[in-house]
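Chains as they are written, first to last, in the UniProt record's numbering: chain R, 1 to 265; chain L, 1 to 265.
Be aware that one or more of the hints could be misleading.
Claimed, not checked - List of simulated lysine-lysine pairs, BS3-like, C-alpha gap at most 25 Å:
#: 1; chain 1: L; residue 1: K242; chain 2: L; residue 2: K152
#: 2; chain 1: L; residue 1: K209; chain 2: L; residue 2: K183
#: 3; chain 1: L; residue 1: K84; chain 2: R; residue 2: K200
#: 4; chain 1: L; residue 1: K152; chain 2: L; residue 2: K231
#: 5; chain 1: L; residue 1: K69; chain 2: L; residue 2: K152
#: 6; chain 1: R; residue 1: K192; chain 2: R; residue 2: K231
#: 7; chain 1: R; residue 1: K206; chain 2: L; residue 2: K209
#: 8; chain 1: L; residue 1: K231; chain 2: R; residue 2: K84
#: 9; chain 1: R; residue 1: K193; chain 2: R; residue 2: K206
#: 10; chain 1: L; residue 1: K242; chain 2: L; residue 2: K257
#: 11; chain 1: R; residue 1: K200; chain 2: L; residue 2: K192
#: 12; chain 1: R; residue 1: K84; chain 2: L; residue 2: K209
#: 13; chain 1: L; residue 1: K84; chain 2: L; residue 2: K69
#: 14; chain 1: R; residue 1: K113; chain 2: L; residue 2: K84
#: 15; chain 1: L; residue 1: K209; chain 2: L; residue 2: K242
#: 16; chain 1: R; residue 1: K113; chain 2: L; residue 2: K200
#: 17; chain 1: L; residue 1: K113; chain 2: R; residue 2: K200
#: 18; chain 1: R; residue 1: K257; chain 2: R; residue 2: K118
#: 19; chain 1: L; residue 1: K231; chain 2: L; residue 2: K257
#: 20; chain 1: R; residue 1: K231; chain 2: R; residue 2: K200
#: 21; chain 1: L; residue 1: K257; chain 2: L; residue 2: K200
#: 22; chain 1: L; residue 1: K113; chain 2: R; residue 2: K209
#: 23; chain 1: R; residue 1: K206; chain 2: L; residue 2: K118
#: 24; chain 1: R; residue 1: K84; chain 2: L; residue 2: K254
#: 25; chain 1: R; residue 1: K152; chain 2: R; residue 2: K254
#: 26; chain 1: L; residue 1: K84; chain 2: R; residue 2: K192
#: 27; chain 1: L; residue 1: K209; chain 2: R; residue 2: K113
#: 28; chain 1: L; residue 1: K254; chain 2: R; residue 2: K118
#: 29; chain 1: L; residue 1: K84; chain 2: R; residue 2: K193
These aren't lab readings, by the way, just hints derived from the structure by calculation.
Here the structure is a predicted model, which is why all the values come from computation and not from measurement.
Spelled out from the first residue to the last, the chains are:
2 protein chains.
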Amino acid sequence: MADKTIILYDFPSKNGSWNAFVIRIRYEQKKCNKYCDLPILLHQACAEVQRPSFQNRLDRISDVESTLKAAGIPPTAQWPDSGKPSYTLPAIVDPSTGAALADSLVIAEYLDKAYPDKPLLMPSSTKALQLAFEQAVLSSIGPMFFQFILIKLCDVVNPASEEYFRRSRVSLFGKSVEDLVPKGESAKEEWKKLEAGFGKIAGWMKEDKFVMGDTVSFADFVIGGWIITSKIAWGEDSQEWKDIAGWHDGRWSKLVKNLEPYYSK
Amino acid sequence: MADKTIILYDFPSKNGSWNAFVIRIRYEQKKCNKYCDLPILLHQACAEVQRPSFQNRLDRISDVESTLKAAGIPPTAQWPDSGKPSYTLPAIVDPSTGAALADSLVIAEYLDKAYPDKPLLMPSSTKALQLAFEQAVLSSIGPMFFQFILIKLCDVVNPASEEYFRRSRVSLFGKSVEDLVPKGESAKEEWKKLEAGFGKIAGWMKEDKFVMGDTVSFADFVIGGWIITSKIAWGEDSQEWKDIAGWHDGRWSKLVKNLEPYYSK
Numbered sequence: 001m002a003d004k005t006i007i008l009y010d011f012p013s014k015n016g017s018w019n020a021f022v023i024r025i026r027y028e029q030k031k032c033n034k035y036c037d038l039p040i041l042l043h044q045a046c047a048e049v050q051r052p053s054f055q056n057r058l059d060r061i062s063d064v065e066s067t068l069k070a071a072g073i074p075p076t077a078q079w080p081d082s083g084k085p086s087y088t089l090p091a092i093v094d095p096s097t098g099a100a101l102a103d104s105l106v107i108a109e110y111l112d113k114a115y116p117d118k119p120l121l122m123p124s125s126t127k128a129l130q131l132a133f134e135q136a137v138l139s140s141i142g143p144m145f146f147q148f149i150l151i152k153l154c155d156v157v158n159p160a161s162e163e164y165f166r167r168s169r170v171s172l173f174g175k176s177v178e179d180l181v182p183k184g185e186s187a188k189e190e191w192k193k194l195e196a197g198f199g200k201i202a203g204w205m206k207e208d209k210f211v212m213g214d215t216v217s218f219a220d221f222v223i224g225g226w227i228i229t230s231k232i233a234w235g236e237d238s239q240e241w242k243d244i245a246g247w248h249d250g251r252w253s254k255l256v257k258n259l260e261p262y263y264s265k
Numbered sequence: 001m002a003d004k005t006i007i008l009y010d011f012p013s014k015n016g017s018w019n020a021f022v023i024r025i026r027y028e029q030k031k032c033n034k035y036c037d038l039p040i041l042l043h044q045a046c047a048e049v050q051r052p053s054f055q056n057r058l059d060r061i062s063d064v065e066s067t068l069k070a071a072g073i074p075p076t077a078q079w080p081d082s083g084k085p086s087y088t089l090p091a092i093v094d095p096s097t098g099a100a101l102a103d104s105l106v107i108a109e110y111l112d113k114a115y116p117d118k119p120l121l122m123p124s125s126t127k128a129l130q131l132a133f134e135q136a137v138l139s140s141i142g143p144m145f146f147q148f149i150l151i152k153l154c155d156v157v158n159p160a161s162e163e164y165f166r167r168s169r170v171s172l173f174g175k176s177v178e179d180l181v182p183k184g185e186s187a188k189e190e191w192k193k194l195e196a197g198f199g200k201i202a203g204w205m206k207e208d209k210f211v212m213g214d215t216v217s218f219a220d221f222v223i224g225g226w227i228i229t230s231k232i233a234w235g236e237d238s239q240e241w242k243d244i245a246g247w248h249d250g251r252w253s254k255l256v257k258n259l260e261p262y263y264s265k
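Bound conformation, chain R alone (with noise of 0.2 Å):
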């Protein structure tokens, strides 16, 4: 079985899978698991909490790249600054196709493509209006998202991680993960913001329990991914969290806990 076992490259980190854009994969793999029987290995370093069953492959964020590279994984974007290649995880390899692939949205159209017989990540003809759920999300939450978390995700990376972070998230977003954070009376505005865009998403699900209704698919990952980063970057106790999953009468909250039977910690 070893030989077919699709390797998951994660982030370093002080207690488990952190990264939003990870964490949908780590949805995908355990429906992998759960439905498929494809086994899927996971590689995160863990510098305070060994994992036996993970393979620490990673143990800084600045060996992304050398990690890639040498797995033939190519990369997905440019550093804004320097215009140089950007090589981002999630990224998988797969031995059983020689697949070797980063990005998420990549990645699980690659799953459902590979594996057709499997149940389907975008069923249903949806994998169009899947992309652009990923896109309406991230269009919807995001830039109000970057600017509150980053400056917390520095206490969730490993501490050998943390400078080159910092570092990089300047060159993305030009901004020092300080000088990201609102203050005063605008930091209750983009608050709120961030609230009206987790109405929107709401607002397109109305009462359904997934977004496809009774059908889980790759949109709940997504929304699944920045729940669950939230949680881990301001801690359960927090305000943050609290609010959070609060909104929009708990929605937030019991879409995670319904979600739990497809994810793998």
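Given chain R, work out where chain L should sit, using these hints.
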């Protein structure tokens, strides 16, 4: 049959339907006529082109508010400057159920709910995905589109509506239609951004004929609406239309062609 006729309100025009949001419902209407035997009567004032099949209810865009109020159709938004309720088209009245609604998304949801035995506009539990798709398209192309197209639409609305159309655009966009148009180098850059916005949508759809593969759905009418508005606003012989029609291997003009069986001018 007359008492079962759904009334669709559209804008006055020199030459047929021009509003991207109303066009979505004209697609739906045709789909309903074609497949559902659901009669929909079009109400449109055509100051220059009299069409015997249309009832001329709206002589001027400024009549929208009083016409919709009289029909019991609620406002859908607020004017940004005054905060007063804003009455928008498309709007419908369905005498079979008493429904009186505005907003293309609300109307599409209503038609699927009121006539669930007819072909659905949002099939296979995709309602939330379709609503998100609308937002994703709007955020990808809307800002670029509006700044270029509003000045062209001043020549498309009927002369009796032009002054009101110009004045209300200032209220909505904070600038005159002339000042909205990018000039010089900025015009080239913004046009490239519009192309890139359409490129995103092309990236979601890949090689598929429609957004959901071979199945026509509301998402196609959303794109179709923007494309038909472009063709009408710039004119078939314009460089702008030739650009748009040629982008991404001509897929947007092909899409409008593939949607023709569903469209009622």
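Evaluation of the provided hints:
Of the pairs offered as hints, the one joining K242/L and K152/L holds, with about 16 Å between alpha carbons and a cut-off of 25 Å not exceeded. Between K209/L and K183/L, the direct Cα distance comes to roughly 35 Å. Violation of the 25 Å bound is thereby established for this hinted pair. At roughly 22 Å between alpha-carbon atoms, K84/L and K200/R fall within 25 Å of each other, so this suggested pair holds. For the proposed pair K152/L and K231/L, the alpha carbon gap of about 11 Å is at most 25 Å, so the pair holds.
The straight-line distance between the Cα atoms of K69/L and K152/L is roughly 29 Å, outside the 25 Å bound, and the hint therefore fails. Taken as a hint, the K192/R and K231/R pair is honoured in the structure, with Cα atoms around 18 Å apart against an allowance of 25 Å. For the hint linking K206/R to K209/L, the alpha-carbon distance of about 29 Å lies beyond 25 Å, and the restraint is violated. For a cut-off of 25 Å, the pair hint linking K231/L to K84/R is broken: about 39 Å separates their Cα positions.
Restraint check: the Cα-Cα separation between K193/R and K206/R comes to about 19 Å, which is no more than 25 Å; the hinted pair holds. Distance hint between K242/L and K257/L is fulfilled; the C-alpha atoms sit about 15 Å from each other, no more than 25 Å. A hinted pair counts as satisfied when its Cα atoms are at most 25 Å apart, and K200/R with K192/L does not qualify at roughly 29 Å. For the proposed pair K84/R and K209/L, the alpha carbon gap of about 35 Å is over 25 Å, so the pair is violated.
For the hint linking K84/L to K69/L, the alpha-carbon distance of about 14 Å falls within 25 Å, and the restraint holds. Proposed proximity of K113/R and K84/L is contradicted: the alpha carbons are some 51 Å apart, above 25 Å. For a cut-off of 25 Å, the pair hint linking K209/L to K242/L stands: about 21 Å separates their Cα positions. Distance check on the hinted pair: K113/R and K200/L sit about 21 Å apart at the alpha-carbon level, within 25 Å; holds.
Among the hinted pairs, K113/L with K200/R is consistent with the structure: their alpha-carbon atoms are about 21 Å apart, no more than 25 Å. Our distance criterion of 25 Å between C-alpha atoms is met by K257/R and K118/R, whose separation comes to about 24 Å. Under the criterion of a C-alpha separation no larger than 25 Å, the hint pairing K231/L with K257/L is consistent with the structure, at around 13 Å. For the proposed pair K231/R and K200/R, the alpha carbon gap of about 20 Å is at most 25 Å, so the pair holds.
A distance of roughly 21 Å separates the Cα atoms of K257/L and K200/L; the hinted pair therefore holds under the 25 Å criterion. Distance check on the hinted pair: K113/L and K209/R sit about 18 Å apart at the alpha-carbon level, within 25 Å; holds. A hinted pair counts as satisfied when its Cα atoms are at most 25 Å apart, and K206/R with K118/L qualifies at roughly 22 Å. Distance hint between K84/R and K254/L is unfulfilled; the C-alpha atoms sit about 37 Å from each other, more than 25 Å.
For the proposed pair K152/R and K254/R, the alpha carbon gap of about 23 Å is at most 25 Å, so the pair holds. Restraint check: the Cα-Cα separation between K84/L and K192/R comes to about 23 Å, which is no more than 25 Å; the hinted pair holds. With a CA separation close to 18 Å, the supplied pair K209/L and K113/R stays within the 25 Å bound. Note on K254/L and K118/R: the hinted pairing is violated, with a Cα-Cα distance of about 33 Å set against a maximum of 25 Å.
With a C-alpha separation of about 22 Å, the suggested pair K84/L and K193/R falls inside the 25 Å cut-off, and the hint holds.
The structure does not agree with the numbered hints 2, 5, 7, 8, 11, 12, 14, 24 and 28 stated previously, though it agrees with the rest.
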